[in-house]
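**Student:** Spelled out, the chains give:
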Amino acid sequence: GEDVEQSLFLSVREGDSSVINCTYTDSSSTYLYWYKQEPGAGLQLLTYIFSNMDMKQDQRLTVLLNKKDKHLSLRIADTQTGDSAIYFCAESNSGGYQKVTFGIGTKLQVIP
Amino acid sequence: EAGVTQSPTHLIKTRGQQATLRCSPISGHTSVYWYQQALGLGLQFLLWYDEGEERNRGNFPPRFSGRQFPNYSSELNVNALELEDSALYLCASSSNLDPGNTIYFGEGSWLTVV
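Here the protein sequences come in this chain order: E and X. With our numbering applied, the first sequence covers 1 to 112. With our numbering applied, the second sequence covers 1 to 114.
Rather than coming from a laboratory, the hints here were simulated on the basis of the structure. For each residue, glycine too, the CB sits at the ideal point set by N, CA and C. Check before you lean on any hint, since a few could be wrong.
What the hints assert, rightly or not - Using 25 Å as the maximum straight-line C-alpha spacing, the simulated SDA-like pairs for lysine to any residue come out as follows:
| id | chain 1 | residue 1 | chain 2 | residue 2 |
| --- | --- | --- | --- | --- |
| 1 | E | 56 | X | 97 |
| 2 | E | 70 | E | 80 |
| 3 | E | 99 | X | 58 |
| 4 | E | 99 | X | 61 |
Said to hold, decoys possible - Coverage of chain X stretches by chain E, computed from C-beta distances (three or more under 8 Å per stretch; other residues unrestricted):
| id | segment |
| --- | --- |
| 5 | 37-46 |
| 6 | 102-111 |
In isolation and in its complexed conformation, chain X is listed as follows (with noise of 0.2 Å):
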């Protein structure tokens, strides 16, 4: 069974520019996460997607969006890109059908911003 895949593996942009990351969940789970790992700050919560809807979002500004789509897939979109958001955004995804509501990760998107 494929895990969570995330695509680009690795992007490079120059700032004020657009970037969109992709995540296809593990199958059967309906609920994706989006996760900003920066140098020296830990795991910073972005959004989570449950059934097409946005029902969490960490404390990060609206340039930081994305959606989900009907096959559970979804896009992190980053606007207007700064230096700062050079890091690596990582993907989970879970089933509500797990007895421990475990979240599992992809290898993650590295974005570089020039």
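Here chain E stands alone, though its shape is the one from the complex (with noise of 0.2 Å):
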């Protein structure tokens, strides 16, 4: 079935870059997303990218996708202490149904 993987933890310094890492299996996956979740909160989507695509620029939000190595990774320039929080990866596959797989979430933590 489908696995979607993530590294646990990320400590960065403010105001310097983070990159989250993110592993798929589904070699089929069509969509990629990256969702952020403050403490006690639900998901927020922050960005997400076409299996087509290889990059994906949103302000401070940089998303690159390598699908031959089904590799997606999130990378957040001039990390803030607001930018604390737990990041999940996920995919889904929308061939003839909608089901979305997520990582166990990456928590990043911003020293100040």
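Hints in hand, dock the two standalone chains.
**Tutor:** Structural data, given as structure tokens:
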């Protein structure tokens, strides 16, 4: 079945760049997403990328997709303390039905 | 435009009781998803409803059930509650008209079983 893997924890200093990595197994993944979850809250969609794209940039966020290696990354430039949260990688294969598979989430700690 | 709304925000039940959680999708969205987020276990897919029908189900026992109403709102029922059912239950919705097939989450309902 589908599987999405992420490292559990990342710590960076304020102002540095953060890179959160994710690997997935489903070669027919069509859409790949990054969500952010702040403490006690639901998941907020940050960005998504189609599988036919290599890169997507949105202000401080850059998503890189290596489809050959099934590797997705999220880079946050100039990381701020407000970026401290859990970041979830997710993929979906819309072939006939919609089920989104999530990784376990990477906890990003930003040190002032 | 209102996002996905869930109720109640918090719910405390005793073991063996039943819990009912409710969700209203974003207006125009026909698909509703339920996820369980237990401590340390990430997001576990529970159920997917679309156009009033159950389309897919995660690896959960039958005491987890739900339904989708004609207005596309949804209910999640958990019978015979067990202590390990304590978790954040997240509802999400999506629209087939969205090119990204993106799902949008509510703030969740915290269920505590004592």
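**Student:** Does the structure keep residue 56 of chain E and residue 97 of chain X at a Cα separation of 25 Å or less?
**Tutor:** holds (22 Å)
**Student:** For the pair supplied as a hint, residue 70 of chain E and residue 80 of chain E, is the alpha-carbon distance within the 25 Å limit?
**Tutor:** Violated. Residue 70 of chain E to residue 80 of chain E sits at ~28 Å, over the 25 Å cutoff.
**Student:** Tell me if chain E covers the segment 102-111 of chain X under the three-residue, 8 Å CB rule, please?
**Tutor:** holds (count 7)
**Student:** How does the segment 37-46 of chain X fare against chain E when you require at least three residues with a CB closer than 8 Å, holds or violated?
**Tutor:** Our answer is that it holds, as 4 residues pass the Cβ test (under 8 Å) against chain E, meeting three.
**Student:** Would you mind confirming whether the straight-line C-alpha gap from residue 99 of chain E to residue 61 of chain X stays at or under 25 Å?
**Tutor:** holds (19 Å)
**Student:** Between residue 99 of chain E and residue 58 of chain X, is the straight-line Cα distance small enough, at 25 Å or below?
**Tutor:** holds (10 Å)
The structure does not agree with numbered hint 2 stated previously, though it agrees with all others.
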